[in-house]
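Number of protein chains: 2
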Amino acid sequence: MKKSIAIDMDGVLADVEAHFITWYHRDYGQKFTKKDLLGKTEENAFPKKGMVKKFASSENFFRSVPVMKGAIEAVKELQKTYDIYIVSAAMEFPQSLVEKRAWLDQYFPFIEWKKIIFCGDKSIINTDIMIDDHLKNLDHFKGETLMFSAFHNVNFTHHKRADNWQEVLNILGSR
Amino acid sequence: MKKSIAIDMDGVLADVEAHFITWYHRDYGQKFTKKDLLGKTEENAFPKKGMVKKFASSENFFRSVPVMKGAIEAVKELQKTYDIYIVSAAMEFPQSLVEKRAWLDQYFPFIEWKKIIFCGDKSIINTDIMIDDHLKNLDHFKGETLMFSAFHNVNFTHHKRADNWQEVLNILGSR
Chain A
1 MKKSIAIDMD GVLADVEAHF ITWYHRDYGQ KFTKKDLLGK TEENAFPKKG
51 MVKKFASSEN FFRSVPVMKG AIEAVKELQK TYDIYIVSAA MEFPQSLVEK
101 RAWLDQYFPF IEWKKIIFCG DKSIINTDIM IDDHLKNLDH FKGETLMFSA
151 FHNVNFTHHK RADNWQEVLN ILGSR
Chain B
1001 MKKSIAIDMD GVLADVEAHF ITWYHRDYGQ KFTKKDLLGK TEENAFPKKG
1051 MVKKFASSEN FFRSVPVMKG AIEAVKELQK TYDIYIVSAA MEFPQSLVEK
1101 RAWLDQYFPF IEWKKIIFCG DKSIINTDIM IDDHLKNLDH FKGETLMFSA
1151 FHNVNFTHHK RADNWQEVLN ILGSR
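In order, the protein sequences belong to chains A and B. Start counting the first sequence at 1; every next residue gets the next number (the numbering used here). Start counting the second sequence at 1001; every next residue gets the next number (the numbering used here).
Chain A on its own, in the form it takes in the complex (with noise of 0.2 Å):
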């Protein structure tokens, strides 16, 4: 039986970062690099507060958010040999849920339907293996975990780490 990976889509399959200093230069002038977040919390990643909420709420947030670099070449890869599931922290907002299932159809139509989790928490998710990039979703997860790098996440070491898809292949491709 094939191992089963479960796939975050926020900062993970989806450039939440980019996406969120595009807004963010749009809505109030300031432009900032991936660099300038490194280290910060996803609260005080920008100047002005409760940003992240505001924009997760809005609408076209998810529907419009760019896809990470590499990560449908790898996904597609990675099917062959796993069987992978798509789980998403979705519930929070709401509007979110159409949009991400939208988004998921126009760029990885090749996971189907039944392979789509929408969840508040991920406590209850039991998969072989889980790639997230937010510790509150590793830390709990009783499985192995790989913690995909995003600025919140740089300064912890306690989960094996890949800076890019390229680099999940070269950790679970092989196998």
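The set of hints was computed from the structure by calculation and includes no laboratory data. The structure presented is a predicted model; accordingly, all values stated were derived computationally and were not measured. In this text, a Cβ means the ideal position worked out from N, Cα and C, and glycines have one as well. Some hints here could point you the wrong way.
Calculated Cβ distances over 10 Å to all of chain A for the following chain B residues [stated by the list, open to error]: (1) 1025; (2) 1031; (3) 1035; (4) 1043; (5) 1115; (6) 1127; (7) 1149; (8) 1153; (9) 1160; (10) 1164.
List time: in silico SDA-like cross-link candidates among lysine to any residue, alpha-carbon distance up to 20 Å [as the list claims (entries may be wrong)]: (11) B:1114 x A:43; (12) B:1053 x B:1032; (13) A:114 x B:1002; (14) B:1002 x A:43.
One side only, chain B facing chain A, incomplete, derived with CB under 8 Å [unchecked claim]: (15) 1097; (16) 1098; (17) 1114; (18) 1117; (19) 1118; (20) 1121; (21) 1125; (22) 1129; (23) 1157.
Following the hints, put chain B in place on chain A, whose structure we already have.
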């Protein structure tokens, strides 16, 4: 630590059976009773084929489904002893995602969003107990199962059965 329960929506919290009967009568003029459907599959429950999928894909179907008798009070009661998750196979019908979330907010506002999961299949759901009406969900579940009676499952006996929410409480409430 509290034991966790995954509670299904359609056929368990939501009386989709009654709703199908109402909509079928409205659209095709024929009035069925719950007794008429006993032992049938969802696909052959009504003379008009494809109706279940047609209704389930219709706007407002899931938003207007009646609550199963006794469900609200019973879930409130179970919440005192158990960690309650609502787990619904909503992914097949994307328009249902927002409707189901709004429906839960209306009738089950005491369930926080962190405890809601919309999925495709339920194979990676890991709770101690599952309450569901569908064999496809119960048969592969690793924990304790409780089959909520529905017309399509009356002839199966390989899961512990609860005919209504009072019976669920009788079985789980006294622990």
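Tested hints:
1. 1025: At roughly 30 Å from the nearest Cβ of chain A, residue 1025 (chain B) sits farther out than 10 Å, so the non-interface label holds.
2. 1031: 33 Å, holds
3. 1035: 33 Å, holds
4. 1043: Fine: 18 Å to the nearest Cβ keeps residue 1043 (chain B) off the interface.
5. 1115: Given a closest Cβ separation of 6 Å, the condition is violated.
6. 1127: 5 Å, violated
7. 1149: Non-interface label on residue 1149 (chain B) holds, nearest chain A Cβ at 25 Å vs cutoff 10 Å.
8. 1153: Non-interface label stands for residue 1153 (chain B): nearest chain A Cβ at 21 Å, farther than 10 Å.
9. 1160: Label holds. Min Cβ-Cβ 21 Å, cutoff 10 Å.
10. 1164: 26 Å, holds
11. B:1114 x A:43: 19 Å, holds
12. B:1053 x B:1032: 18 Å, holds
13. A:114 x B:1002: At roughly 29 Å apart (the allowed maximum being 20 Å), residue 1002 (chain B) and residue 114 (chain A) break the hint.
14. B:1002 x A:43: 31 Å, violated
15. 1097: 4 Å, holds
16. 1098: Check passed: Cβ of residue 1098 (chain B) comes within 6 Å of chain A, closer than 8 Å.
17. 1114: Holds. Min distance 3 Å.
18. 1117: At about 4 Å, which falls below the 8 Å cut-off, the nearest Cβ of chain A leaves the hint on residue 1117 (chain B) intact, so it holds.
19. 1118: For residue 1118 (chain B), the interface hint holds, since the closest Cβ of chain A sits about 5 Å away, which is under 8 Å.
20. 1121: This interface hint holds because 5 Å falls under the 8 Å limit.
21. 1125: OK, holds: residue 1125 (chain B) within 8 Å of chain A, min 6 Å.
22. 1129: Check failed: Cβ of residue 1129 (chain B) comes no nearer than 11 Å to chain A, outside 8 Å.
23. 1157: Result: violated, 27 Å to nearest chain A Cβ.
In this structure, the earlier hints numbered 5, 6, 13, 14, 22 and 23 are contradicted, and the remaining ones agree with it.
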